[in-house]
Amino acid sequence: MTLFDNLALGFREALSLENLFYCFLGVTVGNFMGVIPGVGAVAAVSILLPVTYHVPPTAGLIMLAGLYYGAVYGAVTGAILLNIPHTVSAVECLDGYPMAQQGRAGVALFMTTIASLCGSFVGVVILALFAPPVAEFALRFGSPEYFSLIILGMTGAAALAKGSPLRSFIMVLLGMTLGIVGVDVNSGQPRFTYGFSFLTDGINIGVIAMGLFGVAELMDSAGKPKPVLLDAKSITWRSLLPTADDWRRSWPAILRGVGVGSCFGILPGGGAVLASIMGYTVEKQIARDPSRFGKGAIEGVVAPEAAANAACQTSFVPTLTLGIPTDPIMAVMLAALIIKGISPGPSMITQHPDVFWGLVASFIIGNILLVIWHIPLIRVWVRLLTIPFHMLYPAVLVMICMGVYSIHSSEIDVFLLMGFGCAGYAMRRLGFQPAPLLVGLVLGPLLEEHLRRSLIVSRGNLAIFVEKPISATVLAVTLLVLAFMLRGGYSGASRARARGKQAKAI
Amino acid sequence: MNVPESALPEPPEGRDRQSILAGAVAILLGAAAIVEGRRYAVGSLLRMGPGYFPIALGTLLVALGLALALFGFTRRAQPSREGVLWRPVAMIPAGIAGFAFLLPRFGLTPATFFLVIAASLSEPRIEPLPTVLLAGGMTVAVWVVFAVLLGLRYPLLAW
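Chains as they are written, first to last, in our numbering: chain W, 1 to 506; chain C, 1001 to 1159.
The set of hints was computed from the structure by calculation and includes no laboratory data.
Some hints could be false.
[As the list claims (entries may be wrong)] Derived coverage of chain W by chain C (criterion: at least 3 residues anywhere in the stretch with Cβ under 8 Å from a Cβ of chain C; other residues may be distant):
id, stretch
1, 16-27
2, 207-219
[To be verified] Incomplete in silico selection of chain W near chain C, CB under 7 Å:
id, residue
3, GLY163
4, LEU166
5, PHE415
Note that the structure is a prediction, hence the values are computed from the model and not measured.
Ideal placement from N, C-alpha and C gives every residue a C-beta, glycine not left out.
Generate the whole structure from the sequences, applying the supplied hints.
Structural data, given as structure tokens:
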């Protein structure tokens, strides 16, 4: 089949009434959740994760993906209008909020919408063009190659996560340990269940994700004073219109952002967050007058936004073709697929073309829906954002609890949710980030499986991982990532000693 | 992003207790994994038993935990974050626990009201009327989403 046949299949799938509804639901809820302080993209994705249990796989995946890019999109609105630094949009605050203070919020919103659209479209094209050949190549991979790829994925997730790499590695290991809970596939023996029958199937990833991200975030941000809300009347259609100078400055910045984002999306541990930071850094580096940055330079808003959205789409390449998620959101997405009986990997595109191409087509539809929310309906949207936070988070909590309960109609899951919420809050106080834990949780069981299989093939000889060329190459890249990370940590520490201050790195 | 050095708060006296404590937690969890892992057959590299992988993970956790704790001993304390706000830390888990208890026994309405009211108590002051309206609205919303759209049979009231 040619690309066009595939896309036609995808659009037939994505344009069905049901899938269209879930796409709409995903992008709208994601976009809205993305703006709320304390609810990031991971929380947005995990809140509707339980819904996927009750709908067909394509619809569920379309909805979750919509939540993801919807939340990335929404985060920038929060950054510009409310100066809320989300993980995905932290750098957009730097120039977006000054623009809003200068009365140019409308222009910033309009141009980021254009930037997101460009980023997403290029990302989708890359996904459609590159995923099938990557999958075909990956068909040759055996257990040793997968083992090495998973090690690389985990190292990348830990090395590039926010905060100290040592703490991130501890989180990855803890996630893998949680992944052990349940029946061992090789021996049939229940492990780490402590005699509780509800643990024999393992702990649901939705419960863990919502506890660590949703509940813990809300425990951390509730009760604190919130940013002053914006004046909804100040956003008019007229105020959206960019000047000729804005266009001239934005176009090249958007293109550079798209390029940076597409590359960083595919990297293990990369994803939208890193892409947006890199997009900003590149703009600041090449600008003729870097002093404009931080004072409302439009390039500093559009480039990271284009990069984040391009990365959003391209990060589906490793997730769907290799079954190896690059960031926690992709880990949740992968878990959702496995729940629906689809194992992501090289054969997914050929075995479930309707799911893969339906998803690709839904990205295009979803992004058009987001443009509709942000340009013709911008005033309705901004009005929605004036709902006070203290009314929002009890509502979010109800949705989280109800969602968790609905997975198995089990109250124990809700009590576990409470436990993981408290644990997540304690982790934050100890300086741990929960994101690498989710990656470890999803990849841990896969790692054990491929390790055992590889060693059976090699008769217990660990050298198999360096004797296979692809596996050896991947491990070499892993060592490079590690070396890079350690060097960064050490130089940071020595600089800090020289100044008599502490290193921020660890 | 770059805070001028003069703007940084003066570092407090003593060792970096946050890192030491975090390392200690990692060591404890790793030790727990090793203890539990030893209850299963360990096997060899060729034929790994169900205990092999958990013990390996536990050992790595202990090692990294030690590294983090030692690191904490070698450097000064960090400027700490703001203190714990006890109201949300107590009320949000309490609300979730109440929800879990009430939902299967008494239905959606009491569970949702309990959670919304408990969560609202995290704020320094609570406005009664908007909170009750929100609880009512959320009850209708979850009923429509889960009972009507997803077809799960959760009653609004039961006893």
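To see whether the hints hold, each was checked on the structure:
no.	hint	verdict
1	16-27	violated (count 0)
2	207-219	holds (count 3)
3	GLY163	violated, 11 Å
4	LEU166	holds, 5 Å
5	PHE415	holds, 5 Å
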